[in-house]
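Asks: Single-letter residue listing:
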Amino acid sequence: MEIVASGASFDFDHCYSRRGQTRLSLDLARLPYTTLYGLVCMSCCVLQAAQDGLAVQFNAPADASVCNFVSRLGFDRFLTDNLGFRCELPVSAGGTSENVVIDLRRLGDANDLSPLEALLFDRLRGHGPSQVVTAICEALWELGGNALEHAHGPGLLAAVVQRPDRSGQQVQFAIGDIGIGIRRSFDSPGSTRHPQTDHEAIDLAVEDLVSSSADPGRGQGLPTTIESVSGLGGRVMIRTGGALQIVSGERREKKQPLARVVSRRSVPYLGGTVVSVSIPCG
Amino acid sequence: MSDVLVSAPKSLGTRDLLRAWVEQVPDLQDDLTNISVVVDCSQLQTATPSFFDEFIKILVLERHATHIEFREANERARHLALRSAANRHISDRVTVATRKERSTWTGLGRQLKERSNWPGLGRQRSKALP
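Chains A and B, in that order, give the protein sequences.
First residue of the first sequence? That's 0 in numbering that gives the first Met the number 0, and the numbers climb one at a time after it.
First residue of the second sequence? That's 0 in numbering that gives the first Met the number 0, and the numbers climb one at a time after it.
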């Protein structure tokens with residue numbers, strides 16, 4: 000696996016390739032900026048490399064502020080914990096961590112989610128209206144529950160408050176895993192739907208009351224998360240296997256924003272699923 | 000018919016955690032036929048669709064409770080609870096009273112309050128209503 004950061008902005012899906020069977024190459028020297036989505040996808044690559052026993056080659060970001068952000072989010076510690084690889088990030092002293100709400104961490108079991116919810120409530124206080132915190136906590140529970148129940152593989156999550164591209168402030172939460180992915184989760188015995196592609200699998204997963212389980216009340220978690228986030232003018236990115244779909248709240252005059260698919264594209268294959276949620280908060 | 004009163008936990012957003020919690024509530028252990036369950040949601044921090052769907056499924060469909068009333072719910076919780084009941088075609092067995100209004104279940108709220116110093120009750124089994 001190879002990730003080579005280049006260009007004016009970091010788009011993980013343009014910088015990632017499956018080249019190299021024996022090592023994970025992370026060339027972040029020209030990393031100009033990273034979204035939480037990109038960092039969580041990279042961290043999924045780290046988990047995959049750990050699982051496959053790959054060697055690591057790492058070039059640190061040259062930009063000091065990017066190094067600080069990556070380090071504050073705990074990416075260097077994540078590399079060490081999962082791959083035993085120590086990277087020397089040139090971090091300047093005195094940096095603030097207040098924009099990191101939850102640093103990168105592996106998702107163990109459902110009991111991990113309650114303290115994380117408390118963290119979100121505590122650290123997001125004052126960042127926008129209470130509905131934003133509520134929507135992020137809902138996303139934590141529903142997406143965390145999905146990952147724990149359906150992924151069958153290790154996962155991770157993180158949350159930040161960022162100003163992407165120096166625009167308005169956003170709360171971002173992302174969760175990823177290197178499990179079986181959405182399409183294969185529909186292969187379970189109770190499933191009546193069997194998508195043939197990753198794109199079809201995402202289309203089914205975002206449909207209300209469609210689930211890989213035969214239980215008729217299931218399949219509300221992801222659609223409800225999308226509904227809540229879109230209603231606040233936010234955005235949800237869903238990446239599984241080789242497909243990426245972005246749903247965003249479309250603004251309407253004097254009405255609550257409506258969820259609309261704004262992008263659907265094929266991306267280099269990465270096993271598992273990543274879901275990223277961003278909500279404007281000021 | 001008798002009634003069971005329980006306080007919803009502060010946060011249990013996954014189905015597995017909720018099921019484990021229900022297993023620890025003594026009044027919810029047995030078959031709940033002919034029993035109505037009142038759930039105080041005043042401490043519930045985050046309402047999720049999975050929480051309400053699993054709660055309704057366990058109590059009404061698996062343990063045969065006659066009725067569930069979610070009380071002191073916020074608007075979001077009300078929306079999710081009623082939607083879960085509709086999805087499972089048991090809307091007639093689930094009601095929700097929000098924090099602004101009192102019980103939608105005629106007369107019960109006042110009677111339970113007099114009988115058990117509601118809210119802040121924790122859980123308690125009360126006698127049959129007239």
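Some hints here could point you the wrong way.
[As the list claims (entries may be wrong)] Covered by chain A, per the in silico footprint, the following chain B stretches (three or more residues, Cβ under 8 Å):
| id | region |
| --- | --- |
| 1 | 8 to 14 |
| 2 | 40 to 49 |
[Said to hold, decoys possible] As a list, the in silico DSSO-like pairs of lysine-lysine whose alpha-carbon atoms are at most 27 Å apart:
| id | chain 1 | residue 1 | chain 2 | residue 2 |
| --- | --- | --- | --- | --- |
| 3 | B | Lys99 | A | Lys254 |
| 4 | A | Lys253 | B | Lys9 |
| 5 | B | Lys99 | B | Lys9 |
[To be verified] Not everything, but these chain A residues come out facing chain B in the computed CB check (under 8 Å):
| id | residue |
| --- | --- |
| 6 | Asp80 |
| 7 | Phe84 |
| 8 | Thr133 |
| 9 | Gln219 |
| 10 | Gly241 |
| 11 | Ile245 |
| 12 | Glu249 |
Simulated from the structure, these hints should not be mistaken for lab results.
This structure is a prediction, so every number in the text was calculated from the model and none was measured.
Yeah, the Cβ is synthetic: ideal placement off N, Cα and C, and Gly gets one too.
Asks: Does each hint fit the structure? Answer for all of them.
Replies: Evaluation of the provided hints:
For the region 8 to 14 of chain B, the stated coverage by chain A holds: 5 residues have a C-beta nearer than 8 Å to a C-beta of that chain, and at least 3 were required. With 6 residues having a beta carbon nearer than 8 Å to a beta carbon of chain A, the region 40 to 49 of chain B meets the requirement of three or more and the stated coverage holds. Distance restraint check for B:Lys99 and A:Lys254: the Cα-Cα separation of roughly 24 Å lies within the 27 Å cut-off, and the hinted pair is therefore satisfied. Taken as a hint, the A:Lys253 and B:Lys9 pair is broken in the structure, with Cα atoms around 34 Å apart against an allowance of 27 Å.
As the CA atoms of B:Lys99 and B:Lys9 are separated by approximately 20 Å, the hinted pair is consistent with the 27 Å bound. For A:Asp80, the suggested interface contact is broken, since its CB lies about 25 Å from the closest CB of chain B, more than 8 Å. For A:Phe84, the suggested interface contact is broken, since its CB lies about 33 Å from the closest CB of chain B, more than 8 Å. Interface hint at A:Thr133: satisfied, since its Cβ lies 6 Å from the closest Cβ of chain B, which is below the 8 Å cut-off.
Annotation: interface hint on A:Gln219 holds; nearest CB of chain B at approximately 4 Å, less than 8 Å. Checking A:Gly241 against chain B by beta carbon gives a least distance of about 28 Å; that is not within 8 Å, so the hint is violated. A distance limit of 8 Å between C-beta atoms decides the matter here; for A:Ile245 the minimum to chain B is near 22 Å, and the interface restraint is violated. For A:Glu249, the interface hint is violated, the least distance from its beta-carbon to any beta-carbon of chain B being 21 Å, above 8 Å.
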